[in-house]
Amino acid sequence: MSTETITATCPECDATVSFDRAPLNGEIARCTDCSAELEVVSTDPLTLELAPEVEEDWGE
Amino acid sequence: MNPVRVSIVGGSGYTGGELMRLLLSHPNAQIAQVTSRQLRGLPVFRSHPNLRGHLDVSFCTPDEVEPCDVLFLCMPHGKASGEIDRWRDVAPLIIDLSADFRLRDPDRYQHWYGEAHPNPDALATAQYGLAEVNRANLSGASLISGVGCNATAMTLALKPLADAGLIRRAICDVKVGSSEAGAEPSAGSHHPVRARTARTYSASGHRHLAEVEQNLAQPDGSALDVDATITAIDMVRGVLCTAHIDTTEPLETKNLWKLFRGAYNDEPFVRIVADRQGPHKFPDPRILVGSNHADVGFAVDERSGRVITFCAIDNLVKGAAGSAVQSMNIALGLPETSGLTFPGLHPA
Chain S
6 MSTETITATC
16 PECDATVSFD
26 RAPLNGEIAR
36 CTDCSAELEV
46 VSTDPLTLEL
56 APEVEEDWGE
Chain F
415 MNPVRVSIVG
425 GSGYTGGELM
435 RLLLSHPNAQ
445 IAQVTSRQLR
455 GLPVFRSHPN
465 LRGHLDVSFC
475 TPDEVEPCDV
485 LFLCMPHGKA
495 SGEIDRWRDV
505 APLIIDLSAD
515 FRLRDPDRYQ
525 HWYGEAHPNP
535 DALATAQYGL
545 AEVNRANLSG
555 ASLISGVGCN
565 ATAMTLALKP
575 LADAGLIRRA
585 ICDVKVGSSE
595 AGAEPSAGSH
605 HPVRARTART
615 YSASGHRHLA
625 EVEQNLAQPD
635 GSALDVDATI
645 TAIDMVRGVL
655 CTAHIDTTEP
665 LETKNLWKLF
675 RGAYNDEPFV
685 RIVADRQGPH
695 KFPDPRILVG
705 SNHADVGFAV
715 DERSGRVITF
725 CAIDNLVKGA
735 AGSAVQSMNI
745 ALGLPETSGL
755 TFPGLHPA
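In the order they appear, the protein sequences are chains S and F. The opening residue of the first sequence carries number 6 in the numbering used here; numbering runs sequentially from there. The opening residue of the second sequence carries number 415 in the numbering used here; numbering runs sequentially from there.
The set of hints was computed from the structure by calculation and includes no laboratory data.
Among the chain S residues that face chain F by a calculated CB cut under 10 Å, a handful are: (1) 15; (2) 16; (3) 19; (4) 20; (5) 38; (6) 39; (7) 59; (8) 61.
Each pair of labels, with its calculated beta carbon distance range: (9) F:441 x S:47: 46 to 56 Å; (10) S:61 x F:666: 18 to 28 Å; (11) S:57 x F:457: 53 to 63 Å; (12) S:26 x F:613: 55 to 65 Å; (13) F:666 x S:32: 24 to 34 Å; (14) S:42 x F:467: 43 to 53 Å; (15) S:42 x F:611: 35 to 45 Å; (16) S:54 x F:685: 21 to 31 Å.
Glycine included, C-beta positions come from ideal geometry on N, C-alpha and C.
Bound conformation, chain S alone (with noise of 0.2 Å):
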């Protein structure tokens, strides 16, 4: 069995992301050194964009 770790790059701060499995399409993950919340847009190649935020002041 393939032990090999999937990774890919934070379009926040260019951090390698891993993954311990293969991903899936609309999974979140998150970059351990900055934190952003990251969606899986695609799974081949991998490619991950920035998750959607609210904003603290929606609403007012």
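Mind docking chain F on chain S? Use the hints.
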């Protein structure tokens, strides 16, 4: 090893109290004497009630100070420079927390303080006590200058870009707590004036800019183009510097991560705070109360290219007593973080 015997001249104020609080938990330091002419004979907890039961020392007068290993001077502006030769006979290491020895250049001192420096010979021997900009020169130093609190926040917010020559112009919006003004009351500290305020008291040209210019000379030797607006807000401890920077070339967030990691990843007290989620996305001085940490952060305005950087500190710790203890540790070859590991409070 034998404990490092430490005394404090002018210990009734806030920075003197913070020095005692930090040194009490320092594994190598022993507080020997603390002076206050006005409070002579009274226990130090009269002016620092948090130390009751922790420190059995009473104030003495400056004339009673005996030889020790390290002497901290916490006197009003202008006093230390006039007395420094006397104190050098008392201890091999002097750390002065006033502004008297912060500026290396006597001409720069005259320009910013409006008078000639009273002791330029001593000034030439002083080392600036902010480890993040002058660590290499603190080891073995005999006279160390304390730091300006606002200058510390501005310096650490700007340093990663300044060192890379990326700042065309920077404007620092600095918000400060009331303890910056010290323990002596003034018109500005009167409760009806100070409470619930957002009162700008220096629109431009604050004296601490002299330190920032000294700390962050451009790679070509020219002065950094920087100004600051200082605003008193409803906070007791803390400084928050928000720097608005016109850069020499376009930068993206990932460029800023690289610059800040390069500048601070090896610094024991500087943390990068630039989160995308939660209420603490950027540095907040409130969670640094009592801590020697400096939290720095950044953002980019994608519409204009303007870069915004931040630094939050506790003005009495990283902006005064904490940096002084950190400098003492480096000067004496002690572990740099000794006595300084308190992480702050939350909620504070």
